[in-house]
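In the order they appear, the protein sequences are chains A and B. Here the first sequence stands for residues 56 to 458, where the numbers follow the numbering used here. Here the second sequence stands for residues 258 to 409, where the numbers follow the numbering used here.
It should be emphasised that the hints constitute simulated quantities derived from the structure, not laboratory data. All residues carry an ideal CB built from backbone N, CA and C; glycine is no exception. Among the hints, erroneous ones may be present.
Okay, derived cross-link-like pairs now, SDA-like style, lysine to any residue, Cα gap no bigger than 20 Å in a straight line [unchecked claim]:
1) A:Lys281 / B:Asn284
2) A:Lys346 / A:Arg255
3) B:Lys388 / A:Arg255
Looking from chain A toward chain B, a few residues come up when the C-beta cut is under 7 Å (computed) [unchecked claim]:
4) Gly95
5) Arg244
6) Ala245
7) Arg248
8) His249
9) Asp251
10) Arg255
11) Lys281
12) Gly284
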Amino acid sequence: MGSFDPAESDEGRAALEDPQRALLNILEDFSAEKTQLVVGQRALLNILEDFEVEKGRLESTGRAMLNLLEDSSSETARLEAAQHAVLNILEDLVQEKVSLEAAERAVVNILEDSSEERARLETTQRAVLNILEDFDEARTNIQMVNQQLAKEVEERKRAERQIQRVNAELVVANQELEAFTYSVAHDLRAPLRHIDGFCRILLEEYASTFADESRPHLQRIAQSSKRMGQLVDDLLKLARVGRQDLSWHLTGLNALVQEVVAELRSECEGRQIDWRVGELPSVACDPGLMKQVFANLLSNALKFTRPRERAVIEVGTLAHSSELVLYVRDNGVGFDMKYADKLFAVFQRLHRQEEFEGTGVGLATAHRIVRRHGGRIWAEAEVGKGATFYFTLGDPHKEEDTR
Amino acid sequence: MMHEVRILLVEDDPSDVQLTMHALHRNNLANDIQVVRDGEEALDFLFCRGNFAGRAWDHPPRMVLLDLKLPKVNGLEVLREIKSDPRTKTIPVIVMTGSREDQDLARCYELGVNSYIQKPMDFNQFVEIVKQLGYYWLVVNQSPPAPAHPSS
Chain A
56 MGSFDPAESD EGRAALEDPQ RALLNILEDF SAEKTQLVVG QRALLNILED FEVEKGRLES
116 TGRAMLNLLE DSSSETARLE AAQHAVLNIL EDLVQEKVSL EAAERAVVNI LEDSSEERAR
176 LETTQRAVLN ILEDFDEART NIQMVNQQLA KEVEERKRAE RQIQRVNAEL VVANQELEAF
236 TYSVAHDLRA PLRHIDGFCR ILLEEYASTF ADESRPHLQR IAQSSKRMGQ LVDDLLKLAR
296 VGRQDLSWHL TGLNALVQEV VAELRSECEG RQIDWRVGEL PSVACDPGLM KQVFANLLSN
356 ALKFTRPRER AVIEVGTLAH SSELVLYVRD NGVGFDMKYA DKLFAVFQRL HRQEEFEGTG
416 VGLATAHRIV RRHGGRIWAE AEVGKGATFY FTLGDPHKEE DTR
Chain B
258 MMHEVRILLV EDDPSDVQLT MHALHRNNLA NDIQVVRDGE EALDFLFCRG NFAGRAWDHP
318 PRMVLLDLKL PKVNGLEVLR EIKSDPRTKT IPVIVMTGSR EDQDLARCYE LGVNSYIQKP
378 MDFNQFVEIV KQLGYYWLVV NQSPPAPAHP SS
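Please put together the full structure from these sequences, using the hints given.
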């Protein structure tokens, strides 16, 4: 329609021919339209056909899809199985991993153990090193101590040399003292002996040639010289106690005391003496010096009981004492305890010479002997009631050097 | 010609000589005493030499009273000489001394002394001791036989 034909434009003819042509045109237009419609129908049919094809195709596609789905489900199963398998594998793998981990842990443990072992070894090594170091230190210490010792030995040697020198001086001093003592003993005694001798000769052989009043003077001279002789002798005894070395022997004291009592017999003549000598032990002492102690104490007891009608002289040991305490007790005149500290000093006397003779050396000698034995001596007394002298004896290994 | 000497007194102190002589007199022992005043003189007498060269060997004293402290030759040396010579060692020697020192005592006995006496302080005791000595050594004790003629 719309098409434009250039002949239609010829107007004359167009007027006679126009209605026919128009109709023909219209018919023609109709047929075109009809063709067009048929074509359209055909196209539609075609489209429908295409639809059908398309539908079939779709159906097959759906079928295929179903198939595919089916296939995919089996595939899923297969996949699941595969997945299972994979899971299994994975599980296996996990187990493998666990065991691997365990193995690793074991290895780690082993490694740890070995490292511990190593640590231990290192500790041991360190300890050994420490010990070696300690050893070294100890060696150094020992060397130091050795040096110290060497120094001390040197000092000691020096001290020893000094002691030897002093000792040598002491030996000389001792020799001089001995010479002095000897000279006192020999030279001083001799003139005293002479005085006594010549006085006696005068008194006994020339008595008639003297006036009566002169005789007591001569007697005094003789007495004085004798007393001086006694003093000299006692002093010598005291000096000897200090000088001589103690010779320790186990000594039965009962026998010793009996000896002393026997020697004192002459002093007991005409007197009533009650000797009460108890059970005495055997002791380690210098027997000669110990005898002198008893001699001094017992002769003192005899002397100071002289005013008693019946003298009681007791020798014994104290029962309740931790150490051995010996005693000599008498019922003599005793003494005032306020003078007790003077008792053992040389030349100290607590009685007048005309009452009780003596030199005041006896107890000093006893004191010195007891002290040299490492013991003590003391006294208890009461005026008019008697006196007791106590003494102890020390250890022979601890001899006191108080010469 | 010397008379027989029974006692040889070796003493340097004149007082001691006098007192000893007095004690001997009192005991009627003062005859036949020879007094010498030091150790050398004592040895001269005993060994018949010096001032005593003419003395006869075969009449030794019956006892020697010997002091220890003597001039020149001391008592211990005299004692050693006497006791170490076969011609004199049988003569009884009595040491009479003023002191009693332990070391002297020991030494004298080692050397062979016959007796050791300390002179007492008391003169009467001394007289008594001299009496006992004289009685013992000159009367009681049997003297050794007289020595044969000395060869030297």
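- Task: Of all the hints given earlier, name the ones this structure violates by number, lowest first.
- Result: 1, 2, 4
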